[in-house]
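*Asks:* Use these hints to put chain L onto chain Y, whose structure you have.
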Amino acid sequence: MARIGVFICHCGENISATVDVAKVAEKAGKLSGVAFSVDYKYMCSDPGQTLIIEAIKEHKLTGIVVAACSPRMHEGTFRKAAEKAGINPYFCEMANIREHVSWVHPKSDATTQKALDIVRTMVAKVKKNAALFPIKVPVTKTALVIGGGIAGIQAALDIANAGHQVIMVEKKPSIGGHMSQLSETFPTLDCSQCIMTPRMVEVAQHPNITLHTYAEVESVSGFVGNFDVKIKMKAKSVDYKKCTGCGACWQKCPSKKIPDEFNEGMGFRTAIYSPFPQAVPNKPVIDRPNCTYFTKGGKCGLCKKVCPADAINYDAVDEFIDVKVGAIITATGFDLKHADFFPEYGYGKFKDVIDGMQFERLASASGPTAGEIRRPSDGKVPEKIVFVACAGSRDKAKGIEYCSKICCMYTAKHAMLYKHKNHEGKAYVFYMDIRAAGKDYDEFVRRAIEEDEVQYIRGRVSRIYEKNGKLIVKGVDTLMNGEPVDIEADMVVLATAVVANIEAESLAQKLHISYNKHKFFAEAHPKLKPVETNTAGIMLAGACQSAKDIPESVSQASASASKAIGLFSSNELTREPIVAVVNRQAPPNFTSCTGCLLCQEVCPYHAIETEDIKDRGGNLIKRAARVNAGLCQGCGTCVAMCRNKSIDLQGFSNDQMLSEVMALLNA
Amino acid sequence: MHESTHHHAETFKSKVEEAIGVTVSHCYQCGKCTAGCPLNEEMDIMPNQLLRILQAEMPGYEEKILSSLSIWLCLACDTCYSRCPQEVLLSKVMDYLRQESLRQNKVNPKAKDILSFHKAFLNSVKMNGKLHEVGLTIDYKLRSLNLMQDVMLAPSMAAKGKLAIFPHQVQNTKEIAKIFKKITDSEGGKQ
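Here the protein sequences line up with chains Y and L, keeping their order. Per our numbering, residue 595 is the first one in the first sequence, and the count goes up by one each step. Per our numbering, residue 0 is the first one in the second sequence, and the count goes up by one each step.
Hint data in this document are derived by calculation from the structure and do not stem from the laboratory. Hints are supplied without guarantee of correctness; some may be wrong.
[As the list claims (entries may be wrong)] Some chain L residues flagged as far from chain Y (calculated, every beta-carbon gap over 12 Å): (1) 116; (2) 118; (3) 134.
[As the list claims (entries may be wrong)] Covered by chain L, per the in silico footprint, the following chain Y stretches (three or more residues, Cβ under 8 Å): (4) 980-993; (5) 996-1009.
[As the list claims (entries may be wrong)] Residues on chain Y that point at chain L, a partial pick, calculated with CB under 10 Å: (6) 937; (7) 938; (8) 1027; (9) 1070; (10) 1071; (11) 1072; (12) 1076; (13) 1077; (14) 1079.
Quantities reported herein were computed from a predicted structural model and do not represent experimental measurements. All C-beta atoms, glycine included, are put in the ideal place defined by N, C-alpha and C.
Extracted from the complex, chain Y is given alone in its bound form:
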């Protein structure tokens, strides 16, 4: 026989000002199965909890209902109290009479009645509760970091320095990402590679970090604490154990006219190459589609001949390795739209209309012009440069409604760098708004305008065309009565939109994480869980989530790392037992599940597996569904789909839900 206790909280005056709490307590005491009821000023306070504990002991209560705030607030508090009093904590239910009643209704009899109704449903539910026990899952204390840009590097170093193992997977032949391509960084103008390359080396030399470059994540299965990851190691065609990085191969390679990705197509590289001099690892790979040996059936072979370490291996094949990790951090970064995206700016056919990343390479000391800003068409130093902000961003018509966030700052920096290198040159910036809301950011933009005399013009550029060897930029000054402004420029830099990494969608599908319509990965909560994903154990770092600058990427990477370190702080994970279970019956049925696996199709967390039920001789009796408690998030979708009620959600069973509804209907 159930003996339920009901505890009505005043929440100071939050509840008692609108709900007649004494009346609710009195009426609740008369409900069937209720052995004790009381109201009190603050149930969550120490005396309040003591009151609950004493009542459970004194009245030999089998379950309790605390009518107070949202269970999100204090369910844990009251469950602990129940446990202290010696009953299973899952025999504690909360009736939310604050958010659902007192905060949203005026003082009236109806309000008090609603509070009582909610109490009644929870009393009906708790009578059907069963003892539940937290689920324990083991944790593999190794993190996988996908992407070796600044975000991935920061996350990897933080986790490795905390004493845990890290596996880093980078798609390109070197780590470093976009930051290694930058010239100087705002708002301090410190050299990007100078601050970046020590971090890269630290990754390579860290005893806790295993670095896989030229590699990709092939597949991911498992769940928090227990992921199984298959990594594809693309054939480098170079044996890294033998290679010393001497460079003889790429100096002799005859295929010298391959557009250089690191220099954004503004220079050339060879078929066997290391992307840049500070690359980590500084060892080459063979770009097979561009290599004469592979395209012309074994002709050439020069690199193998000149290699003093005999490291070239043309027969290398893609390899796959399987690793076990407990947490995954995605740091796959972003892509930039290129000039060919803009019909009105010439579809990329004007050589001197370039994007922001190309300008970075021109301004970089390690770039194709050794840091002199020369235009791509004829190598002349431009006398007039026009910078166009919001190129593609905030452009609904082009499908990119969002602000790319970093362009205002890097455009100011670009204009500044140009002026610093060419004092006589003229720099114009067409902008719509200047978004410089970071530490020392607005001061930086003002410095460009006030000290470096960059001409800012508020208006969007309509068209760019070529005339007599000049680029005519047709803009407008909306702060001068919309006066049309035509500028004859020598070079135009488009601050093109930041977009998701081209492979973001396929990676998200491998990881089972959600993403928005622009293919940026989705956080679990925009404010309170900004670095976690909806899949437990998978975290986000950097621009794969949304456009971010370096300080923000680094902060988020450290935040993600702290989540991983937190996960690794114990040997076992404890999870709420609010998970679905497939029922068990005595032989010969074993379970009422017929194995139709509709549940498997609808489960958003891929938590449903199949189980083969066999007899002692190992013969298959039936195949049924089984819930992986580590993956299940307790959403209940499977329960709704199950045709013969073989699957049920612990803590929210069909029986419990029905009791609640019946209690409401039979008032």
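*Replies:* Positioned in the frame of chain Y, the structure of chain L alone reads:
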């Protein structure tokens, strides 16, 4: 899509929005329309400003817009629309404003010739269902009294067979008359 107008008193702006299905608040004043407008040099109110005046609804804005020259200069080439990041169909706004300016007798005096052409053009289409160049030219010249304008173009046009003395009519002129009547009725009986 003009949710904003549903719960408010009818204003000139809301009338424009209702009539043509354009929401002027979509414009965020980047000025790209003005920057690319082939006639921006001639305009008294720039295209983006015209939208700004509609957005702001300051006293006297209706008069200001309806008597502007810009609405008559607009060629409806849709360069602005094709580049507008917010997809505001400005040519439709201009077209509505022209009809409204005409209806309220607010036509800018400098737009006299354009108006003559506007009327002559529509007249030609109304009569024939398509353009008759000679008819249009005569009608326009009589309305505007610009008798010698563009006469030097006549020989080359004649050589290309563009100057047929008699108009070619479309087959179903009744349908054309119906279309014109419907539009005239919907706009308060004045073309």
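*Asks:* Please write out, lowest number first, the hints stated earlier that are contradicted by the structure.
*Replies:* 5
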